[in-house]
Every structure is written in structure tokens, then in C-alpha cells.
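Fit chain V to the known structure of chain R by using the hints.
2 protein chains.
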Amino acid sequence: MANPEKKETHELRKTIHCIKVGIAMTLVSLYYYTNPWSNINSQGAAMWAVMTVVVVFEFTVGGCLYKGLNRAVATLIAGCLALGIHWIASLSGDRFEPVILGLSVFVLASIATFYRFVTFIKVWFDYGVTIFILTFSLIAVSGYKQDTLFTLAQQRLYNIGIGIFICLLVCVLICPVWAGEDLHLLIIWNMEKLANSLEGCIAEYFKEGGVLLAVDEDQEAIIQRSEGYKHILSSKPSEDSLAILARWEPGHGCYGFRHPWNQYLKIGAAMRLCAYCLESLAGCIDSQTQVPESMKRHLSEACIKLSTNSSRILKELAKCIKFMKKSKYIDLLIRDQNNAVKELDRALRSLPPMEAMENFGCVSLLEGRVLITAASLLIEISARIIGVVEAVNLLAE
Amino acid sequence: MANPEKKETHELRKTIHCIKVGIAMTLVSLYYYTNPWSNINSQGAAMWAVMTVVVVFEFTVGGCLYKGLNRAVATLIAGCLALGIHWIASLSGDRFEPVILGLSVFVLASIATFYRFVTFIKVWFDYGVTIFILTFSLIAVSGYKQDTLFTLAQQRLYNIGIGIFICLLVCVLICPVWAGEDLHLLIIWNMEKLANSLEGCIAEYFKEGGVLLAVDEDQEAIIQRSEGYKHILSSKPSEDSLAILARWEPGHGCYGFRHPWNQYLKIGAAMRLCAYCLESLAGCIDSQTQVPESMKRHLSEACIKLSTNSSRILKELAKCIKFMKKSKYIDLLIRDQNNAVKELDRALRSLPPMEAMENFGCVSLLEGRVLITAASLLIEISARIIGVVEAVNLLAE
Numbered sequence: 001m002a003n004p005e006k007k008e009t010h011e012l013r014k015t016i017h018c019i020k021v022g023i024a025m026t027l028v029s030l031y032y033y034t035n036p037w038s039n040i041n042s043q044g045a046a047m048w049a050v051m052t053v054v055v056v057f058e059f060t061v062g063g064c065l066y067k068g069l070n071r072a073v074a075t076l077i078a079g080c081l082a083l084g085i086h087w088i089a090s091l092s093g094d095r096f097e098p099v100i101l102g103l104s105v106f107v108l109a110s111i112a113t114f115y116r117f118v119t120f121i122k123v124w125f126d127y128g129v130t131i132f133i134l135t136f137s138l139i140a141v142s143g144y145k146q147d148t149l150f151t152l153a154q155q156r157l158y159n160i161g162i163g164i165f166i167c168l169l170v171c172v173l174i175c176p177v178w179a180g181e182d183l184h185l186l187i188i189w190n191m192e193k194l195a196n197s198l199e200g201c202i203a204e205y206f207k208e209g210g211v212l213l214a215v216d217e218d219q220e221a222i223i224q225r226s227e228g229y230k231h232i233l234s235s236k237p238s239e240d241s242l243a244i245l246a247r248w249e250p251g252h253g254c255y256g257f258r259h260p261w262n263q264y265l266k267i268g269a270a271m272r273l274c275a276y277c278l279e280s281l282a283g284c285i286d287s288q289t290q291v292p293e294s295m296k297r298h299l300s301e302a303c304i305k306l307s308t309n310s311s312r313i314l315k316e317l318a319k320c321i322k323f324m325k326k327s328k329y330i331d332l333l334i335r336d337q338n339n340a341v342k343e344l345d346r347a348l349r350s351l352p353p354m355e356a357m358e359n360f361g362c363v364s365l366l367e368g369r370v371l372i373t374a375a376s377l378l379i380e381i382s383a384r385i386i387g388v389v390e391a392v393n394l395l396a397e
Numbered sequence: 001m002a003n004p005e006k007k008e009t010h011e012l013r014k015t016i017h018c019i020k021v022g023i024a025m026t027l028v029s030l031y032y033y034t035n036p037w038s039n040i041n042s043q044g045a046a047m048w049a050v051m052t053v054v055v056v057f058e059f060t061v062g063g064c065l066y067k068g069l070n071r072a073v074a075t076l077i078a079g080c081l082a083l084g085i086h087w088i089a090s091l092s093g094d095r096f097e098p099v100i101l102g103l104s105v106f107v108l109a110s111i112a113t114f115y116r117f118v119t120f121i122k123v124w125f126d127y128g129v130t131i132f133i134l135t136f137s138l139i140a141v142s143g144y145k146q147d148t149l150f151t152l153a154q155q156r157l158y159n160i161g162i163g164i165f166i167c168l169l170v171c172v173l174i175c176p177v178w179a180g181e182d183l184h185l186l187i188i189w190n191m192e193k194l195a196n197s198l199e200g201c202i203a204e205y206f207k208e209g210g211v212l213l214a215v216d217e218d219q220e221a222i223i224q225r226s227e228g229y230k231h232i233l234s235s236k237p238s239e240d241s242l243a244i245l246a247r248w249e250p251g252h253g254c255y256g257f258r259h260p261w262n263q264y265l266k267i268g269a270a271m272r273l274c275a276y277c278l279e280s281l282a283g284c285i286d287s288q289t290q291v292p293e294s295m296k297r298h299l300s301e302a303c304i305k306l307s308t309n310s311s312r313i314l315k316e317l318a319k320c321i322k323f324m325k326k327s328k329y330i331d332l333l334i335r336d337q338n339n340a341v342k343e344l345d346r347a348l349r350s351l352p353p354m355e356a357m358e359n360f361g362c363v364s365l366l367e368g369r370v371l372i373t374a375a376s377l378l379i380e381i382s383a384r385i386i387g388v389v390e391a392v393n394l395l396a397e
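From first to last, the protein sequence lines stand for chains R and V. Residue numbering for the first sequence follows my numbering, starting at 1 and increasing by one per position. Residue numbering for the second sequence follows my numbering, starting at 1 and increasing by one per position.
No lab work stands behind these hints, which were simulated from the structure alone. Beta carbons: idealized from backbone N, C-alpha and C, even for Gly. Be aware that one or more of the hints could be misleading.
[What the hints assert, rightly or not] Beta-carbon label-pair distances, calculated as ranges: (1) R:332 / V:111: 53 to 63 Å; (2) R:147 / V:119: 26 to 36 Å; (3) R:103 / V:111: 40 to 50 Å; (4) R:258 / V:256: 48 to 58 Å; (5) V:394 / R:387: 29 to 39 Å; (6) V:390 / R:332: 40 to 50 Å; (7) V:390 / R:234: 41 to 51 Å; (8) V:115 / R:254: 32 to 42 Å; (9) V:169 / R:103: 12 to 22 Å; (10) V:118 / R:147: 26 to 36 Å; (11) V:92 / R:15: 24 to 34 Å; (12) R:294 / V:342: 23 to 33 Å.
[As the list claims (entries may be wrong)] Okay, derived cross-link-like pairs now, DMTMM-like style, lysine to aspartate or glutamate, Cα gap no bigger than 20 Å in a straight line: (13) V:122 / V:240; (14) R:305 / R:293; (15) R:319 / R:336; (16) V:305 / V:240; (17) V:328 / V:390; (18) R:315 / R:192; (19) R:122 / V:11; (20) R:122 / V:58; (21) V:122 / R:58; (22) V:326 / V:343; (23) R:230 / V:240; (24) V:122 / R:11; (25) V:236 / R:240; (26) V:328 / V:126; (27) V:315 / V:227; (28) V:266 / V:316; (29) V:7 / V:227; (30) R:319 / R:397; (31) V:322 / V:390; (32) V:328 / V:343; (33) R:14 / V:126; (34) R:236 / V:227; (35) R:296 / R:343; (36) R:236 / V:331; (37) R:296 / R:286; (38) V:14 / R:126; (39) V:236 / R:227; (40) V:230 / R:240.
Bound-form chain R, shown alone:
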């Protein structure tokens, strides 16, 4: 499994995609150039193959299949409908013909556009509806006679088929990029990022308190690691679009045809809930309010333990998804996490009373509050991680 998040892998995939587009275009162009039909019949026919390749060829196999199947089916349906309307119009005489044709285009274009707003159609058939309008209008109002039109429509369909075939051939045979696999990997990496961020944030916060953590890492790497959660905040659109395309893909690798891609979205949503909390936590930590070392030290161990435990659960879940099997240790880890929560609660409980805290000298309640909030959010995050565990368990089933 290649890591699409890694910069070099990403660059390589882009380059391969560019070459694939070049190959597909060259194949179809040479077919067009050498096709005997392009000389004996209207140039329009074989041209459709070229056009199909340009608009159908997508980065992922799912994208290619979505557009290809939509284009083929929409062209077929619109073609039949248009031929029917054309036939009816031609029967009604020269006077009414343009009226019937114009009206049919108006009504069908309006209705089809309306369906583009329906969520189900928008997700599955948006491109198909566009092609439906295009094909219908082109055929319905072409000036041709019925029999010429029939041959033309046949040719066009045949050429579109050729275009789709070339697209799929190149897309699937040369280093295929599967949307499903990308979604799978995206969720895994986001989960690992979340785990690292959570651990990194807390480690970074308590580091100054004398407890030196992650000594072998430099400052910048830690900051970069702790900010990984920001990717999760903004990754909903990519997850959604990958899940939509993944549904079009046939079984590949270890994913079956009806792999529950929707469940990945639920895992993504559960992770985002954690990320929102982590964002608030990071906000608290960044808030420049210096908490006195003694108070920090008091909570440090329990906080670090809880964050390490939570992070371990996330890493274990990531591993579960990666190898697609249930984890043996997850219940144990959750028990550990519960213990860590209790320990942090005990640590909070044994904080000196607010009044007494001010005797530390430099600390106002506002400062103590930041620490309590951070601990509180940490507990909230660990509760939300249980939501992620549940979502992953549902996927495992």
C-alpha cells in the first residue's frame, strides 16, 4: 500500500496520472486519425471518442467509472427519448415541428436541471443528467431526417463506448488509483495524526514542567506533529468525495464490491468530534496564561498517562482498520483509559482548594482554571474516542 499522504508518493502519483492521460489521449487520437469512418461520414462521430476520453478520464478508477457509466447510460436514454420526440414532431407537419421540439427541449432541460438538486441524484448521477440534457438537445433539434439520425446516434454511441473503454483500460491497467483504498488510507492516517497530536499537545504542554519528554525530537517536529489534527478538521470534503467514488468501484484488493464505505465516513465524523475538542485544548494551551510549575507538576503525570492511553487506543484502532481485523487488546486499552481518567479525577480532586492555590504566589484562579479546563477537555476527548471505537467496531462487523 502506497502512502498517498507522503509528499514524494503524491508527486509520483500525479506524474503517473499525467502520463496516463497522455497515453489515453494518444490512443484515442490515433484511433480517430486512422478511423476510416472519420472520412466517409461526418467528422462528428469519431470526435465523440476523443471528447469522452477528455471528460471521463479521472484520477481514480471510481471517478472514471462514475463518469463513464453515467455518460453511457445518459446518452442511451436521452438518445432514445430524443428519437421518439423527433419522430412525433416530424409527424405533426412543418408548422408545429419547431414548436414541439423547442417545447420538449425547454421542459426536459428544466425538469432534468431540477433533479440535479435532489441529493440522491446529485451524488450518484449529476454528470449523467448533464449529459442527458446535452444529448437530448443535440439530437432533438438536429436538422437531420429520421433515418440519418438513427445511424448518427448509433455511431455516436459506439464512439462514446470506445472512448469509455480506452479510459477504463488505461485507468485500470496502468498503476490504478482506487478511491476506496485512498479513503481507507486517509482514515488510517488521520487516526494516526490524531493520536500523535493528542500525545504531542499534552507532552508539549507539560514539558516545561521539568518532566522532559521526547528528548530525541527537535522543537519543530513536535509542533508539526501536534498540529496534525488540523488536517482532520478540514478533511470532510475529501472523505465525502472519495466515499462517493468508492461506491462505483468493483471489488479490488481486500475490499469487496459492497464494502461499507459509509462506515468510514462515520469514523471520520467521530474523529472530527475529537479534533474539535483537541482544537479547543490547543487553544487553552496556547492562551499564554502561565500556570505555576507546582500545580502543573501535580496534574502532569495523570494527564500524560491519559493522553498516552487515549493515543494508544487510536493507534490500535488504526492498526485494526489497516489489517481489517478486530483487536484483541482494545478492551484492555479501554480499561486502562478508564483507570487513567479516574486517576486524573483523583489528581484534580486532590488539588489544593482555590483559595489556597493563590498562596503559591503567582497564580490567580484564571491560571488554575486553564489547567482544569485542559484536564477536563482531555477527559472529554477520551470519552469521544469511545465513539471512534464504536464506529470502528461497526466497520469490523
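This is chain V only, laid out in the frame that chain R set:
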């Protein structure tokens, strides 16, 4: 200004858009049907007008302009380039001609696809690059002689121009939908939603504490109002796409040609920071932990005051953006907010010490912690609102 968020307005806009598509398609189809060229010359030429309308007609004026201009310019550039390559290939003899043409398609399609990954090109010219590849391939490998090709290219460009003209005409003249205005309104409504959510969340939380708030509203309306912030969490994609399209729009209404649409994105981002915190706050409140009434009552007034103040600032900002002028009261409101923060801090400070709290009977520290966290997050939100104020001030400049 129509409210695109309102359901009826939204439905009306959709219906009008459907009718507009129908009108544009009918206009171009009738033009195609009655166009003398479609009989004397290849059907291919006028067909381009129909195709242009189908793919260029978009919901917003910005979308129409983006696609229209991209299509026109890309066709022109690709056409010139392809004619040049075709001429060179025709000079090199029958044997090398297909090789040169095939190679040029391969190289140009690959390079153009590569540029689609560059962010700047992706944002501004993605559609243009697709059309470039399409036009170049179609012309470069067509079997026509140089002079026929030139006439054909001219006709095609002319027809594409007609298509774009019809699109823009219908799009701008019949109830135009401006992406810029939509973005403007989206930001305003999101801001109002955030203000209402913030107020609603806190009011809902402290309501049970004997302080009855919003007596004239039923439970469901309050819940719906408090959940408005969820829209903000997921509105980044719509904001981004509207801002991209808005840049293509000429001056309209009270927005100039170079209206700082990017600044709206910054306001949106600042609001999202507040929404993340509010999400955590809502999580705390939902966490089923019952805080004893006496403790709640102790903080209730200060919390409600701060949330009302913060909400007032957001509403004032929304008004500022709506009427595009600087607010006279904002400094006053910020001062009020600062006072409210101090008051809440004082209230927190005067909480009985942790130990003593347990004497209330039902309260463990875990429960008291939720209240302190909620107050803390409220203070963090009010700090983040200052970020929104700064972003709005930048827009005002």
C-alpha cells in the same frame, strides 16, 4: 436582498434556475435548428453552441463567467497551437505526420494535466485546461486539410461564442444569482447563527437552574437555535467555492469588481474557531453530568451575561457587514465583554473551595469541573470573537 438560507427562497431560486436552463437551451436549440450553416456545412459547427450552453450554464453569474471565459480563451489558444502543429506535421510528409501529431497530443495532454494539480491553475483555470486538451486533440488529429481546418476552427469558435453569449444573457438578465452576494449573506447568517447558538447553549444550560430564560420559545426552537453552529463547522467548502466564483464577477450592487472576497474567508475561518470551541462547550453541557443547582446558580448570572455580550458583539458585526459600514458601538461592546469576563472570573474565584463543594452533598469534583470548563470555554470563545472582530475590521478597511 433575498435570504438564500430560507427554505422557500431556496426552493424559488432552484425553480427559477431550472426555468433559466430551459430558456437558454431552447434559445440555443432554436438557433441551431434554424441556423442555415447547419445544413450547408458540417453539423459539428453549430452543435458547439448547444454543447457550450449545457456545460457553461451555472447557478451563479460567477460560475457562468468562469466557465464561459475559460472555455473561450482555452479554445482560442488550443486552436492556434493545434493549427500550428498541424501545419508543421503536414510539412514533414505522410510518414512522420501521425508520429508528430500523436507525440504532440501525448506531450501536451500530459503537461496540461500536470498543471491542473497546481493550486493556482486548479482554482482559476481548471475547466480551461480540460477544454484546452479537448480542443487541441480534436483539431490536431482531425483528418482535414489545412484550409478546411481553418474555416472549421473559425466556425467552432464563433459558435462557442454564441453559446457563451446566450448563457450570460439569460444568466444575468433573468433573476441573476451572484456568488459574491451569496457569500456575503452566508457569512452574515453564519455569524447570526453563531450568536444565537452561543446565547442559546448557555441559556439552555442554566435554564434549569431556576433562572427561566426565553419563556416565549418552545423547547424545540431553542434546541434548533443552539445547534446552528454545526452549519458553520461544515460550511468551509461552500465559502471557498463561492469566493472563487465571486472573483470572476464584475461589480454588482454594492460590491465593486475587486471586492476583497478573500477577507470573507478569513472571517469565516475566525468564526469556525469560535464554533470549534462552542462544539466542545456543547459537548461538556451534554455530558449528562448533573451539576448541583447551588453551584450553577453561583455562576449562572456571570455566564449568561458574558454569552449575551459576546452574542451582541457578533450580531453587531453581522450588522456591520450587512450594511458595509464601521460600527460605532463595537468598542463599547468589547469593553462590556471584558467586564463580563472579569465578572465571570470573580465569580469563579469566589467559588467555595473544592473540598467544601463536596459538602453540597451530591457534587463530586468531576461535576464541578464541568461547570468550570464550561465557564473557561466561554472565556476562550469570547477571546476568539476578538479574532472575528479583527477580521471584520480588516474587511471594513
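Evaluated hints:
no.: 1; hint: R:332 / V:111: 53 to 63 Å; result: 54 Å, holds
no.: 2; hint: R:147 / V:119: 26 to 36 Å; result: 51 Å, violated
no.: 3; hint: R:103 / V:111: 40 to 50 Å; result: 46 Å, holds
no.: 4; hint: R:258 / V:256: 48 to 58 Å; result: 52 Å, holds
no.: 5; hint: V:394 / R:387: 29 to 39 Å; result: 38 Å, holds
no.: 6; hint: V:390 / R:332: 40 to 50 Å; result: 48 Å, holds
no.: 7; hint: V:390 / R:234: 41 to 51 Å; result: 22 Å, violated
no.: 8; hint: V:115 / R:254: 32 to 42 Å; result: 35 Å, holds
no.: 9; hint: V:169 / R:103: 12 to 22 Å; result: 20 Å, holds
no.: 10; hint: V:118 / R:147: 26 to 36 Å; result: 49 Å, violated
no.: 11; hint: V:92 / R:15: 24 to 34 Å; result: 29 Å, holds
no.: 12; hint: R:294 / V:342: 23 to 33 Å; result: 26 Å, holds
no.: 13; hint: V:122 / V:240; result: 13 Å, holds
no.: 14; hint: R:305 / R:293; result: 18 Å, holds
no.: 15; hint: R:319 / R:336; result: 18 Å, holds
no.: 16; hint: V:305 / V:240; result: 34 Å, violated
no.: 17; hint: V:328 / V:390; result: 15 Å, holds
no.: 18; hint: R:315 / R:192; result: 6 Å, holds
no.: 19; hint: R:122 / V:11; result: 16 Å, holds
no.: 20; hint: R:122 / V:58; result: 14 Å, holds
no.: 21; hint: V:122 / R:58; result: 14 Å, holds
no.: 22; hint: V:326 / V:343; result: 28 Å, violated
no.: 23; hint: R:230 / V:240; result: 17 Å, holds
no.: 24; hint: V:122 / R:11; result: 16 Å, holds
no.: 25; hint: V:236 / R:240; result: 14 Å, holds
no.: 26; hint: V:328 / V:126; result: 43 Å, violated
no.: 27; hint: V:315 / V:227; result: 17 Å, holds
no.: 28; hint: V:266 / V:316; result: 18 Å, holds
no.: 29; hint: V:7 / V:227; result: 17 Å, holds
no.: 30; hint: R:319 / R:397; result: 16 Å, holds
no.: 31; hint: V:322 / V:390; result: 16 Å, holds
no.: 32; hint: V:328 / V:343; result: 24 Å, violated
no.: 33; hint: R:14 / V:126; result: 15 Å, holds
no.: 34; hint: R:236 / V:227; result: 19 Å, holds
no.: 35; hint: R:296 / R:343; result: 15 Å, holds
no.: 36; hint: R:236 / V:331; result: 37 Å, violated
no.: 37; hint: R:296 / R:286; result: 15 Å, holds
no.: 38; hint: V:14 / R:126; result: 15 Å, holds
no.: 39; hint: V:236 / R:227; result: 19 Å, holds
no.: 40; hint: V:230 / R:240; result: 17 Å, holds
Of the numbered hints stated above, those contradicted by the structure are hints 2, 7, 10, 16, 22, 26, 32, 36, listed in ascending order.
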